[in-house]
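Trainee: From just these sequences and the hints, can you work out the full model?
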Amino acid sequence: MRRRALFSLLGTAGIGSLAGCSTGFSQRITPEVASANIEAQDRECSDSPDESALITRKSDDGTQIEVTGSIAVPRIDEELYVDAQNGQGNPERNNADMEVRIDFGPPDSQANTDVPECEGQIAYNAEVEFTRQPTEVIVRHTVEEDSYTLKTITTKTINQ
433 MRRRALFSLL
443 GTAGIGSLAG
453 CSTGFSQRIT
463 PEVASANIEA
473 QDRECSDSPD
483 ESALITRKSD
493 DGTQIEVTGS
503 IAVPRIDEEL
513 YVDAQNGQGN
523 PERNNADMEV
533 RIDFGPPDSQ
543 ANTDVPECEG
553 QIAYNAEVEF
563 TRQPTEVIVR
573 HTVEEDSYTL
583 KTITTKTINQ
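Just so you know, we're using our numbering here: the sequence shown kicks off at 433 and counts up by one.
To be clear, the hints were calculated from the coordinates, so they are not data collected in a lab. Beta carbons: idealized from backbone N, C-alpha and C, even for Gly. Incorrect hints may have been included.
Label pairs and their in silico Cβ distance ranges [claimed, not checked]:
no.	residue 1	residue 2	range
1	N591	D546	41 to 51 Å
2	T488	D515	14 to 24 Å
3	P539	S478	17 to 27 Å
4	S480	Q520	21 to 31 Å
5	A555	L582	14 to 24 Å
6	P548	T500	16 to 26 Å
7	N591	C477	33 to 43 Å
8	I461	P506	34 to 44 Å
9	E476	E559	18 to 28 Å
Mentor: This is the structure in structure tokens:
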């Protein structure tokens, strides 16, 4: 009788430890953002601005990517920002998918006083480093329509 209780207890403890191991494993494979930066390359006035993005692996292990592209902006003196996040909490994405958002906003200072006030596009170069290789990288730009929204520009599967 005591032997059955001991085996029952060991079985429950073993299943509980496996469940904990499973949770820890899924947390370890979800990439996080280690660093992200963006630099404006060229500012151009345009009535019909071009939006594009190209994702390139910068490291053999897939933890560093470069995004080169162009974003449409209401004023070409806008500041650019980059934000990246994994798919955790988003039911439409895998936890290991990374979304890189390129955003614009008013400049912190008036350093670009020689830049004309016009609608157009800003060419950019962004670099993002992850703690682990993502399965997929999605680049989205903030766009101004009736309100500000996110628009998917490109998606790339990162091969293992």
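Trainee: Evaluate each hint against the coordinates.
Mentor: To see whether the hints hold, each was checked on the structure:
no., hint, in the structure
1, N591 to D546: 41 to 51 Å, "44 Å, holds"
2, T488 to D515: 14 to 24 Å, "19 Å, holds"
3, P539 to S478: 17 to 27 Å, "19 Å, holds"
4, S480 to Q520: 21 to 31 Å, "37 Å, violated"
5, A555 to L582: 14 to 24 Å, "20 Å, holds"
6, P548 to T500: 16 to 26 Å, "24 Å, holds"
7, N591 to C477: 33 to 43 Å, "39 Å, holds"
8, I461 to P506: 34 to 44 Å, "40 Å, holds"
9, E476 to E559: 18 to 28 Å, "22 Å, holds"
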